[in-house]
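Using the sequences and the hints given, assemble the complete structure.
Chain by chain, the residues run as shown.
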Amino acid sequence: MSEAAERRTRPVDVSAIGSAMVRLEGRAKVTGTAPYAVEHPTSALTGSDLGAPLQVWLVQSTVARGRVTGVDAREALAHPGVLAVLDHVNAPRLERGGGEGDGPDPELMVLQDAEVAFRGQIVAVVVAETPEAAREGARLVRVGYEPRPHEAELREDAAGYRPDSVNGGMENDTDDGDVEAGLADSDVVVEETYRTPYEHNNPMEPHAVLAVWEELADGPRATLFDSTQGVHGVASSLAPLLGLEKDRVVVRAPHVGGGFGSKGLPHAPEMAAVLAARAVPGRPVSLAVTRQQMFALTGYRTATISRFRLGARPDGTLVAVDHRVLEQTSRLKEYAEQTAAPTRMMYAAPHRHTSHRLVPLDVAVPSWMRAPGEMPGMYAHEVAMDDLAVACGIDPITLRERNEPTVDPETGKPFNNRRLLDCLHRGASRFGWADRPPSPRATQDGDWWVGTGVAAATYPAMVMPGNAARVRAIDAGRYAVEIGAVDIGTGSRTVLTQIAADALGCPTEAVELGIGDTSLPSASVAGGSSGTASWGSAIVAAAQAFRHEHGSSPVVGAETTAAAEDDPEQQNHAMHSFGAVFAEVRVHRFTGELRVSRLLGVYSVGRIVNPATARSQLIGGLTMGLSAALFEESYRDARFGHVVTQDLASYHVAAHADVMDVEAEWLDESDTMATPMGSRGIGEIGIVGTPAAVVNAAFHATGVRVRSLPLTPDKLVEERSR
Amino acid sequence: MQERISLTVDGVDRTLDVDTRTTLLDALRDRLGCIAPKKGCDHGQCGACTVLLDGRRHLTCLALAVAYDGAEVVTAEGLGSDGDLHPVAAAFLREDAYQCGYCTPGQICSAVGVLDELKQGHPSHVSEDLEADPEPDDDELRERMSGNLCRCGAYVNILAAVRDAVGEGEG
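Sequences listed follow chains Z and V, in order. Numbering follows numbering that gives the first Met the number 0, in which position 706 of the first sequence is assigned residue number 705; successive positions increment by one, without gaps. Numbering follows numbering that gives the first Met the number 0, in which position 82 of the second sequence is assigned residue number 81; successive positions increment by one, without gaps.
Watch out, some of these pointers could steer you wrong.
Label-pair ranges, simulated between beta-carbon atoms [stated by the list, open to error]:
| hint | chain 1 | residue 1 | chain 2 | residue 2 | range |
| --- | --- | --- | --- | --- | --- |
| 1 | V | ASP81 | Z | SER552 | 38 to 46 Å |
| 2 | V | ASP136 | Z | GLU179 | 53 to 61 Å |
| 3 | V | GLY32 | Z | GLU244 | 52 to 60 Å |
| 4 | V | THR19 | Z | GLU244 | 44 to 52 Å |
| 5 | V | LEU15 | Z | VAL88 | 33 to 41 Å |
| 6 | Z | ALA347 | V | GLU127 | 50 to 58 Å |
| 7 | V | GLY32 | Z | GLU403 | 55 to 63 Å |
| 8 | Z | PRO79 | V | ARG13 | 36 to 44 Å |
| 9 | V | ASP128 | Z | ALA347 | 52 to 60 Å |
| 10 | Z | PRO79 | V | ASP128 | 54 to 62 Å |
| 11 | V | ASP68 | Z | GLU592 | 41 to 49 Å |
Covered stretches of chain V (in silico footprint by chain Z; criterion: 3 or more residues with CB under 8 Å from a CB of chain Z, positions within the stretch not fixed) [to be verified]:
| hint | region |
| --- | --- |
| 12 | 2 to 16 |
| 13 | 24 to 36 |
| 14 | 44 to 56 |
| 15 | 71 to 85 |
| 16 | 96 to 109 |
| 17 | 149 to 157 |
A short, non-exhaustive set of chain Z residues, derived as facing chain V with CB atoms under 7 Å [said to hold, decoys possible]:
| hint | residue |
| --- | --- |
| 18 | GLY25 |
| 19 | ALA33 |
| 20 | GLU38 |
| 21 | GLY256 |
| 22 | ARG290 |
| 23 | ALA611 |
| 24 | ILE618 |
| 25 | ASP646 |
Read the hints as simulated data drawn from the structure, not as lab findings. Everything numeric in this text was worked out from a predicted model, so none of it was measured. Cβ coordinates follow ideal geometry from the N, Cα and C atoms, glycine included.
The structure is reproduced here in structure tokens:
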């Protein structure tokens, strides 16, 4: 065996892994002393005292499409405290050839031309001495437009175009067998349309940047505290556009107030802040995006229209699955949600067709929101399965048992560890499913109809390339373990410490973990439920290489940097996690008010690194799924092209009183094919399937089927009166 | 237009000149470097900026600083004493009642306010009997905490933490 083969990353002997270690930054968070992006003192940027930051305010377009004919900043500049107004004429120029792939990211080409591609686009940037002056200055900027006709409505009858691929580089269309023949041959056919609305991520910390641009002897350098899910990704996206090497854009993010995908990629505000900083070199600038601005500038989940046809035998065995998705994108930048992706691997069927069509609109740029693809796609599929269970007159769990594949229907490869049925059975037992009346509208408690529903969940087990970690002996048995990862609230600072301790064979107290800084080794984004898997694998690889090179009693200063390696067996398997979600709802017989009285998720997600933070992530996903089921909808006024529900009073998210009994548990298992820790990702699977479970429970309670989210009382009442 | 005001923030007397347009939240964050109250919406819709203002929970984003000359502000940072966490903060830590932590200081200040309101017998929207002393049951606690949004979805753990604090005699 060669040395390289001997050195392949080995599974970790677990000790700290599996314990409910309290979050390392927990005390700082409960006392409010953990600093988020713009809360840092400016001295933290460069080490020298730069004084109070200048304040940046964004001016947004008031037309959905057209040209800026002029920006009159005279009145704004006359306002006390206003220092500069940047527009498309005077803003620093960005490198057009500087992007990766097909040229510059159009979303990041802020103030580079007069074109307006959507309402709410940044058309000017005000820099002032105080936030009050910046905001008033922004109000005083006069922007002239030459508007053009725009299109902002996703019409059900639109044909759409076929993108080259969908998010994640997946195929746009797939075909197995002959879906039309399969449907023609089926005894039972369910043909329905399922819709999910526009949704906004709305992390509690709005996007924010503290930045300084320095003209140094060896060239310019930008330093940022950013609210981001990936510091390295921000640096590598911005640097080429700024004409800088990546290491001349320093990005730090020690604490991030949530992201849910909206901070996974840099958006226009980050570039606006850097342009503002560049306009006042040596002076720090602070940009806190407002909650309202987030609805146009920081990504959102596109609405989806899923046309489903399921063909089956009388016993529910699937013969054909047809899932055709219509969704929208921004004309400025293509984003194709992979809504039908889970349909390709979920259930066995000889005939299958999936496709995505995109309608380009003059609207803000959609992007990732928690479980892109899986969340809307599995909503549609799992409500369709409930429709099929009703059509066949069988129990929804039995239906899923009858369609459990032996290998991945999409690739023909064996699954790494498919335990969907175990999740369903354990959940059924925990939830008391056996006592469920088979017919809908069978249980009434006072003025409330009561029902239960189930849905399956799945999410790919992703490990991202491009991760490395550094281990250094610091003193007396203590180790610095460093990687440019980010803790957006998932607990990664804590779980990576647990992983590092076990990989090094030392107590967690002996690990000094460094994350959230581009000066640390390369790390992929905190997204795709891949963070802990990807970063942890790099830490284990580096720790094992460190021990190989420096032994168990290393000299102080001994250091090893190593990259993560994948288990080659991953290529021969379909790598996925699974879960089952059970919901009990109560629907008021007169008003249609709906309460989710119980919600349970049971998951097969590999080994759990930290049961406390894992449970929080899973119940957090379930809660966001409940929120999506009942409340969330960004209402776009197509006449003007913007979201009118652009705040937390009109974009409803679940509040305390909406959330009753929510519980998550997991199967005891380990998946060392996925990662040397035996873990898989857990950040997104909690939201997958949850809205379907709620909708299915509402049907069971009332006998009324609503297929368009959110399940608001008016829809229940309206459907019932039809 | 500037006005001079004095505030007691977490036990420390502070005097500052504020633009009359400045909210109490911005005065605390931008002028006094007090980062425990968070800005989540700036419109009184999320609760992240909650502090105890003269002893009662209050949204600082909906308060103009100039109107609170002489007020006493206690933030999540100032709740504990002598390096010990306040029992509500300790319960949040124990129950993992947060993830990203951004809404957390506001949740904790709000919870401290809720427990005091319960002690004083204030009824809520879900109180059956508006005259009787309210029972600090789950429905009451959820209802009273509903002005503080948590997008990470830590509500069930927050409830457990507040329930712990009630059990410890804080309520």
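Hint by hint, here is what the structure shows:
1. V/ASP81 <-> Z/SER552: 38 to 46 Å: With a Cβ separation near 41 Å, V/ASP81 and Z/SER552 satisfy 38 to 46 Å, so the hint holds.
2. V/ASP136 <-> Z/GLU179: 53 to 61 Å: Holds - the Cβ-Cβ distance for V/ASP136 and Z/GLU179, about 57 Å, lies within 53 to 61 Å.
3. V/GLY32 <-> Z/GLU244: 52 to 60 Å: At roughly 34 Å between Cβ atoms, Z/GLU244 and V/GLY32 fall outside 52 to 60 Å, so the hint is violated.
4. V/THR19 <-> Z/GLU244: 44 to 52 Å: holds (46 Å)
5. V/LEU15 <-> Z/VAL88: 33 to 41 Å: holds (38 Å)
6. Z/ALA347 <-> V/GLU127: 50 to 58 Å: Taking Cβ atoms as reference, Z/ALA347 and V/GLU127 lie about 53 Å apart, which means the hint holds.
7. V/GLY32 <-> Z/GLU403: 55 to 63 Å: Roughly 58 Å apart at Cβ, these two residues keep to the hinted range, so it holds.
8. Z/PRO79 <-> V/ARG13: 36 to 44 Å: Since the Cβ atoms of Z/PRO79 and V/ARG13 sit about 24 Å apart, the hinted range of 36 to 44 Å is violated.
9. V/ASP128 <-> Z/ALA347: 52 to 60 Å: holds (57 Å)
10. Z/PRO79 <-> V/ASP128: 54 to 62 Å: With Cβ atoms ~56 Å apart, the hint holds.
11. V/ASP68 <-> Z/GLU592: 41 to 49 Å: With a Cβ separation near 45 Å, V/ASP68 and Z/GLU592 satisfy 41 to 49 Å, so the hint holds.
12. 2 to 16: violated (count 0)
13. 24 to 36: holds (count 7)
14. 44 to 56: holds (count 3)
15. 71 to 85: Answer holds; 6 residues pass the 8 Å Cβ test.
16. 96 to 109: Held - the region 96 to 109 of chain V has 9 residues with a Cβ nearer than 8 Å to chain Z, which meets the minimum of three.
17. 149 to 157: Check passed, 9 qualifying residues.
18. GLY25: At about 5 Å, which falls below the 7 Å cut-off, the nearest Cβ of chain V leaves the hint on Z/GLY25 intact, so it holds.
19. ALA33: Result: holds, 6 Å to nearest chain V Cβ.
20. GLU38: Because about 4 Å separates Z/GLU38 from the closest Cβ in chain V, which is inside the 7 Å limit, the hint holds.
21. GLY256: holds (3 Å)
22. ARG290: holds (4 Å)
23. ALA611: holds (5 Å)
24. ILE618: Given a least distance of 6 Å, the restraint on Z/ILE618 holds.
25. ASP646: holds (6 Å)
When the structure is compared with the earlier hints, violations turn up for hints 3, 8 and 12 and for no others.
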